[in-house]
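With chain A fixed as given, assemble chain B onto it according to the hints.
These protein sequences, in sequence, are chains A and B. Using the working numbering, you'd call the opening residue of the first sequence number 1 and step up by one each time. Using the working numbering, you'd call the opening residue of the second sequence number 1 and step up by one each time.
Do not rely on the hints blindly, as some may be mistaken.
As the list claims (entries may be wrong) - The calculated PhoX-like cross-link candidates involving lysine-lysine, where the alpha carbons are at most 20 Å apart (straight line), are:
| id | chain 1 | residue 1 | chain 2 | residue 2 |
| --- | --- | --- | --- | --- |
| 1 | A | 49 | B | 30 |
| 2 | A | 165 | B | 19 |
| 3 | B | 73 | A | 49 |
Bear in mind the hints are in silico, worked out from the structure with no lab data behind them. Every value quoted in this text rests on a predicted model; they were computed, and no experiment measured them.
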Amino acid sequence: MAQPTENVHQLVGHLFRHEAGKMAAVLTRLLGTQHIDTAEDIVQDTLLKAIEVWRFRGVPENPSAWLYKVARNKAIDWVRANQRTTKILSTQVDIINSVLHVSSPSEDVFRADEIEDSVLRMMFACCHPTIPIESQIALTLKTLGGLSVAEIANAFLTSEETIAKRIYRAKEKIKQENIKLDPPGLFDLPYRLDSVLHILYLLFNEGYHSIHSNSLIREDLCAEAMRLTYLLAQHQATSLPKVHALIALMCLQSSRFDARMGALGETILLEDQDRSKWSQPLIRQGLNFLERASAGNSLSEYHVEAAIASVHALAGSFEETRWDKLLELYETLLELKPGPMVLLNKAIAIGYARSFEAGIKELLLITDLQDHPLYLTVLGNFYFLLGNRSAAHTWLEKALLKTTSPQEAELIKRKLQRIISTQKKITH
Amino acid sequence: MEKFMLIFHGGSDIAPEMKNPEAMQKHMEKWFAWVEKLRKEGRYEGGEALEPSGKFVSGPKRVVTDGPFAESKELVGGYFIVSAKDIDEAVALTADYPDFIFNGKVQVRPVQKLDI
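Chain A on its own, in the form it takes in the complex (with noise of 0.2 Å):
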């Protein structure tokens, strides 16, 4: 018998998690989608089996082939036990049997290819375009995120009862409306990836923007975007423009990471990061997707972010910014996706490519973000730039009423205190 000193390898990061994903997409697509809560079951028994066995023998040479293996064999007795009571055809079962049987690599369900393809299958259901939005993003989550209901409602700060109705009411709606784990056809792609890589982009954005205490939960929304994403832009049906330039912005975004938060969990503005804290790896992989997008004359807004996010990547310094390339992107992408934010972005990028003056006046015009937090912080920026501290001084003490994150709380109140300090300095 192998002592236990020999087979314990060290677990990669979030195996259960992963391969919790892989697996139900693997089960389902094989028993079925009205099966899919069976899967789940599956998986949720094959991990407990793999605490069983391992704790006392350590984690074996192949921790994913062991995990499917023992999935792969509960599967059968489950199909055994319910081919009477459920409404699988016995041809149904047969067919089932014997991909579960097979003995020879090159028929195994489990194979590396096999198991992309049908997390991209499963990918596509869970984002089904007669879904409601937010089911979507629970439903990803949880079968292919392999995250629990309690960690998908902590991460949006919802109850775990609303976040378990919408995983049903999306579960409801792939059995009301037959969605089957098969790819999605050719003049369905386009429209349908449109649909998947939006609740990849929210998954992102809530794990990136969110202004969540616990940083653990973000990092991980926005990694299993990321790794979907990646998924997307290696196989060969969705390797789309589109798709590299999501990849490309998730990487240059989340490049900065580490650099976006203080010790005490602070939000650090750009301006301020400390910019040797970015992720050069992230940085040149941002690059290359954003190099690869540029393939094809279409543009999505995913490339005009990214190449927002490029362009900060690139600068060496805040002042080095090249504020005119982002005037220019921010009016292309106001084009593709009109909207406030994107005019208070236009903004400040107006405010440093020409004049402060300029950009307080294009603030000014816009209408619909008068309570907003950042807008006020913005426009009080911009006025202290300009040397008129009241005006600063009203529009931050009006910003700090509005917010009701405490750390943004803090940035406003920081920047409060340096318009005092430098007014003593005057003073004095």
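Only chain B this time, still in chain A's reference frame:
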């Protein structure tokens, strides 16, 4: 040093909030950490997990009966052999046993020595 057998009973009352991949992996890592610690201190001699099902063989007629034992809260899930100075030290080694939170129990039994 004496040898002791740590027999693990139960420990399957896993709370619903723990039934997610990440939490399960974290829990398993606690087991690894515990074994690692025992090993570093030169305490760990070996251990195995037991399947939840099996057979009883009893009586002069060697009657064979099935489990199932799986329902039992006291089901033995596995064992370790550890070395310790005395029973108190062996008991102290169970401090990091991770399944206490799932109503698990550890039976600590000295392995008999044959002093001839």
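Structure-based check of all given hints:
1. A:49 <-> B:30: holds (16 Å)
2. A:165 <-> B:19: Holds, because 18 Å separates the two Cα atoms, which is no more than 20 Å.
3. B:73 <-> A:49: Judged against 20 Å, a Cα distance of about 17 Å means the pair holds.
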